[in-house]
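These protein sequence lines are chains C and P, in that order.
Position in the first sequence counted from 1, then plus 35, gives you the working numbering.
Position in the second sequence counted from 1, then plus 4, gives you the working numbering.
Note that these hints are calculated values from the structure, not bench results.
Computed from a predicted structure; not experimentally measured.
There may be inaccurate statements among the hints.
Claimed, not checked - Derived DEER-like restraints, expressed as beta-carbon distance ranges:
(1) P/Gly470 / C/Gly443: 37 to 45 angstroms
(2) P/Arg58 / C/Pro816: 47 to 55 angstroms
(3) P/Glu474 / C/Thr111: 21 to 29 angstroms
Where a beta carbon is used, it is the ideal one built from N, C-alpha and C, also for glycine.
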Amino acid sequence: MTVRLRLDGREVDAPDGETILELARRVGVAIPSLCDSPSHPNGVCRMCMVEVDDSGRAVPACATRVRPGMDVRTQTAHLLGLRRGLLTLMLERHRPHEPSARCELEALADRLGIPSTGTLSDPMDRDDSHPAISFDASSCILCRRCLVACDEEQVNDVIGLSGRGAPTHIGFDLGVCLSESSCASCGACVDACPTGALIEKGWAPAERTVVTTCPYCGVGCTVEYGVQDRRILWARGVRGGSVNDGKLCVKGKFAFQYETSSDRLLTPLIRRDGVPRGPIGMRPVDEVFRTASWDEALSLLAERIRTIRAEHGSTAIAGIACDRSTNEDIYAFQRLMRVAAGTDNVDQSATLCHAPSAAMLSWATGAGAATNPVGDVRNARTILLVGSNTERAHPVVASNIKWAARHGAHLIVVDPRRLEIGRLAEMSLSLRPGTDVVLFGAMAKCILDSGWEDRAFIEQRTEGFDAWAASLSPFTLEYASRVTGVPADLIRRASETYARERPSSILWTLGITEHENGSDNVSSLVNLALLTGNVGRSGSGLNPLRGQNNVQGGADMGSTPGSLPGYQPLSDPAVRAKFEARWGSALPELKGWKSTEMIPQAQSGRIRLLYISGENSVRSHPDSSSVSDAFQSLDLLVVQDLYLTETAEYADIVLPAASSFEKTGTFTNMERRVQMVRPLFDPPGSARADWEIYAELADRLGHPMPYRDSGEIMSEISDLAPSYAGIGHERLAGRGLNWPIGRGEPNGESILHVDRFARGKARFRPLGWTEPGAERAAEYPYVLVTGRQREQYHTGTMTGRSPVATRLSEGPVVEMNAEDMAREGLAEGGRVRLISPQGMVEARVGVSPALPVGMLFTTFHYSEFRVNELTTPALDPMTKTPAYKDTRVRLAPVSS
Amino acid sequence: MTEIRSDPSAVLRELATMAREGRLSHDDLEELSRRTQVPRSVILGLRTFYFPERVDGATEVCVGLPCAMRRSSTGLPEPPGDSASVSCLGYCARAPVVRRSGRYLRQTSDGLEEIAESTPRFVDAHREHLSDYRARGGYAVLERYLSAPDPEGLVRSVEAASVRGMGGAGFPAHIKWKAVRASPAGARVLLVNAHEGEPATFKDREILEREPHRLLEGAMLAALAVGADRVLIGLKSEYENARCSLDEALDELAAQTAAGWPTGRLPSIEIRAVPGPYVTGEETALMEALEGRRSEPRLRPPFPAEFGLEGRPTLVQNVETLASLPNLLGAEAGTRPSGVEKVYCLTGDVERPGAYRHPLGISAEELVRQDGRTDPRSLKAFLPGGLSGGLLPASQLDLALDFETVRRSGAGLGTAAVVAIGRDRCLVDVLENLSTFFASESCGKCVPCRLGTAKLQRLLGALREGRASEADLSEGLALAQLLQETSICALGQVAGKALSDAMRYFPEEIRAHTRGGCAGHHLPEALPP
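One chain only, chain P, in its complex shape:
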């Protein structure tokens, strides 16, 4: 096992500070190299990956699908000329969103107005305190397992409930837990993946900001189950409000443990702010970022359970997955409602976008009608799992939105971020938006994704403008297949899925574009990166 003496993650943290302060000139970077003895070429790699050239004080405009859709359907003007495109800012229910000087604003016909729930004051006012959490039964499950440790029982419960990862992969949690437990003992780590980035998804942010103790209890339970004495929360660095909430929650806990509650050995909990684009949310890419390298996914095997953070057996689990554990496990002891609960983020062509908590398995139709206050018959199609779960026709709106049912229908529940697509939407517009996203978010490591997502973007752009032929379309479908089979990680693997699904369900609409465009409603032009 290789051992790297210096702390390379320190250089990345240093770079992040320098980026914030606008100190990334050639001389600044030379000095950093000299001071830390980290090679210039390494600093080049980090700087260009995490902190690409940006105009100071520029407005960052989210071009993620929900924001692009809302911008077009409300006919809002283009943002100012010096803007840069980003995706996703994590406030999709308030689309269309821009960020300027660290503040989150939504575009309205009257200009830009600050998003209330993005202000520190709002977040602070809506954070659940430890006392309130305990009052409604919080930490009771943890107390129970501390006083009577039963890691194997914990694993069994998670297996019995078919808990699936809620960060996008939907992987059965118990398989990971068992694999970590089976690894040779040595400092095992629980890495909480709080690097949310899937467009249309903002559930983790809300959980962290409003219910940090639910996450902390769940994390500690998982740590106990797999024998990890260390919990590391890899938090997206832009989620500053979540950071504050977590810090305060940890302070509250520390005060209580100092006073003697709860009794028992708790794992240490550390928060690390992690910069980085969408791909940094991939579990092995997150570990790369934490270890101070470009966040490019690793080859697997070995899997994190065997060789994870700094080579240690690591359980990587999404915020929501962990936060769902206290309820789930409390249910068993009869103290709380039963079954796995899921937060569904609903966006797109609905009246009331937002995050809605339901027992896992609600149908998309119910979600749209009840929560979104929208007639499902106004829809043509929907994306069940953000941009990575593929596309389903409106005829399948009655599908139960649980992992297995969605998988059997050929799509993926992913983060359960449901994007509703109205009848007047041009599907090729939607596909082009998705392809732009994947092309700009590709880390560039593997040939199929680096070159394939860019090609797919070109192809869909041409298709949208009526410049693509049938042969081009066939090539695109073959490319989607190639991406799915040969990419290293899920980003590349799903990049072409929506196109394949669209061709399966809406072949005529797609094909019509090879004969010269469509009359459908268009999304605004993608801004240059």
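Bound-form chain C, shown alone:
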């Protein structure tokens, strides 16, 4: 309904419910405000007072809704007087600071002709304890925007008010300094602060700004970078239709210094003759590698590819694509490998993490991707969060989950650890590691036995129900309780809530996928959603939280053995014909190896040439010694990256790549949103965009890929991959598009399977379960789980080169339950040896109240702590995903 009113003498229309301030902003009338937060009119600065009708009293525009026939005046002399009075009050208690460019108070005062009052006579101390954020209470006007940002939007609840009346000030936690608080360093408070009281250390106004997509995780936040010369000065979250709606995490906000790290690769490198492959150690790079021109490096590589192919066949060649690079880069890589090198041995990083999710979702529904958008969890009535330490791995998603829980959603957390997000959970199911199939099977059986299933949905939209229902008979509540350690009545309550308090959304991360039965774990969740009709509507869904910024894109681009771009099977004759026609060449006949299979294949000599782009495999793959062994066995190892990573140190040819700040392209995030990536600078030295390198190499191999720019690559993708039909760089300007486009939704299909599943009807999958690692338990009594910290990303190639992130990290530590520590006779911070069948590593231990007995947790972020030397090589048989969550270890003292 529209409302007609007068605004400064002019007739305007406004939607019913709009505030006067919102209206003014929309039509370009300037009403000042210092405390207004999006959807949270704080109403405390009182600057937005306006005159309405004949009422003698002014009213705040931020809190007053439009009414038909209202007569609003915003710029009278009287109002000006009020504004100046308020500004004067604020300025008298405000410490002006450099750079004043950041201060809306001073800017406003300036505009209204109020002089700054010079220095404050009794300023409070600044809190500079945090490495990246400075807080000056004397500049604070208590607008409360930071409270809204921290407590309402990010739901981190760090910032509070301390005191009453004039001495009121902002406090952190119970009134400690910022660095000692539970601050997550997301920077939301800094982005919200109108006076710069909370500000990035070293902030300066930027010469220019660029809006692009964050290079870290699968959320795909929109970030605005402030740039000066060849430096990034600062980053801010962007609102307005973005996935993150202005929110960032510590990495997106502060960890961008890696971009200008002094050890960026600037030229191609070639291993010097006679120098064996292996870690460089303390030797200068120059002693191991010599610089080379692109011409020399690519000629050499092309020649080696030709010879090895001729001698051993194209199956001896393999490549791992970089899931941090753009869709255009990855598409070019798989085309290079399949066409120019003739091999289907091409894989991406999903094999190491969410491949079970993609594979089982694809099997069941026809689409191997999340069904609902990131922000949609806010519409859920019930959230089932499984195997996800969301506040650490996907902080912005966590904010949405926490917001929903705060506003009445039932949050059910399933994880062996007691996660911090559990403080907002209605139920926490702390199951024994590896027992997920049993738990979710029991939930399904309970739902069926109680009659809580969605009969109509099952009948109309699924198949295979009967066989699956029959397979549930062992999963009684009693059995599940015994196996999982979760009380039966809690399982029942969780079942009832998930089934009946709809819409219910399931979100999960690697806690369930990185197991030998990772695929089964995922299927047990899919089955639950199908049983209860929780797919295809807002607030419901099956949502794997993906890791790399472009792992979804990498899979979409077909950088997976047997899967051409758009998930079209290599084996399908019609598909083959289409691609062969477009690419002008025959495609490989045989389906290739996954990355985790490439390692043993290299060890056995079947793979001879490995081209690794942007993966730090010797650190990230399980069983590191087998990886270095494989590298030693190869005829040729090529590594393309930003730095000389631990993996690159083994290479024969090292190629310098451009970062995502240095090229144009697209990333696809976890909700299938394809978003533009825009350059801030040119690449340094002679580094090049990945796709340019692949194109030139392909050319030298006799199969030119003459793209003039990355936009042409996307055009080709949209021609060949139906899911990407209609996607092009121009159309992506703004908020990007969710694939698939086509159903009439202007921004693409945000929710999948609304009327029908991608494959028609969804299928249930019967599952069995055997206890994992039972035979090893005696000798190796602990389960070692590897995961993530919030401030670091994966092997730390980027965050480890960003000082803010490093300073905020706690370093490598193996977390243990207090009882276990006592039994092993270990003290906090003590050193111990971890031994697995694969290897041995020395570690520092720390107590964690989150861990159950028998479980250890650590990260893989630190080069000084090579935890993957320990991890088991066991793989999920369907997707070849490593069981990072199921390494068995024993502890031994550090001997002299």
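Given the coordinates of chain C, work out where chain P should sit on it, guided by the hints.
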């Protein structure tokens, strides 16, 4: 509408207990956060708002205007060095008052003596029992409306009698009642505002302690009128004697209803002790406190009738307003005296301060002369409505003290707490006392009040010491205007009113201070908070 799952008000109650037991260390608060899963930052906000650092066992000295005036005029010594200032303790007729270890004492030339009417024994002895209340006609009106429900008739009666809120705002009661009735049905609530805090005001305390059944009957009538099935009494936690009286009165009622009287559906009645300073008596601030947050007034709209306690349509009404209903409504049926009655609290420069009940509209002169036993000609000025109603000159002592007449003269009747100011008093002293009060009681939420009341206090302090200029005075008046127009709630809005009124009626006396002080009688220095 947002829904908050846990019971955050429980944390505030827990904090109050911990405060009483002196368990507010950093570790205590950490443990509370861990145990309740309420964020530390929330606990910081509650603790620093409601339970600021205090020395255990310190003497709390009331520095409210009546106490400060009496202390100075009787030349009493300053209280002991470890004291903390508070306002107001609610025993203004016995000024000057201090509180120590939960006991109320008045300062005399012979030292501190306990205030008799503050003892539990006194209160217990003076509480009207149910049987006595019924014997004098009590609950007859309720019985009538229970047997023949007529909510609209109730509203009409209240409108016809022009009942105005007696908690300070003087808002026409029937407008609130109609607004609540017009809200979508759903659990409507009557919130009894028993968080008395206006200095010079102690009427609600006396009503609660001595005539709890009058309040209860009035509350139930109002609840019936607006369709509320739940009555919540938000009682100032320091009013422990009132709590006892109410508890006993409710027990008496419960015994009777168990025995079958009265017949009909009664709303449930619950008492909640609410901590908090003066501002907690503001109707939306009270709701914030009840919901377990810092008691900072809310933005309006929406008004409580539409979105009140926990989002429900809520009628908020002062104790005295409700307690006046049985008499008023009984009058209509011809069973009792007619017209609205009002309790006037008289303090200041009078011989006999106290609470006096009269038909609404008695003049200040009559109040001073008859009840206060004082010659009105000894007065220079008076405050008609506590500290929030502004100031009037003695020439207007003949003003009828009803809401409309006082409003038309540019002041506010407020709580009808009349503070008489003698000829020898320095008005700037009085203004400075008021400004200190508002500055220390500001909740700090909105810019004008948080910064403006502090500035006004500085200004008046300077004026009192002869350090302020004419320009400063003009700035003060402009500030008073800014406060009135831009503050979120009445505290800020009236903070500068007395200054504006004083300048209107006594410009020369005020201005003289810009030329270096005055020879008038001074109030004692305000103690540090």
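The hints, checked one at a time:
1. P/Gly470 / C/Gly443: 37 to 45 angstroms: Roughly 60 angstroms apart at Cβ, these two residues miss the hinted range, so it is violated.
2. P/Arg58 / C/Pro816: 47 to 55 angstroms: Given a distance of about 54 angstroms, which is inside 47 to 55 angstroms, the answer is holds.
3. P/Glu474 / C/Thr111: 21 to 29 angstroms: Given range 21 to 29 angstroms: holds, Cβ gap about 28 angstroms.
Hint 1 alone, counting from the list given before, is not met by this structure.
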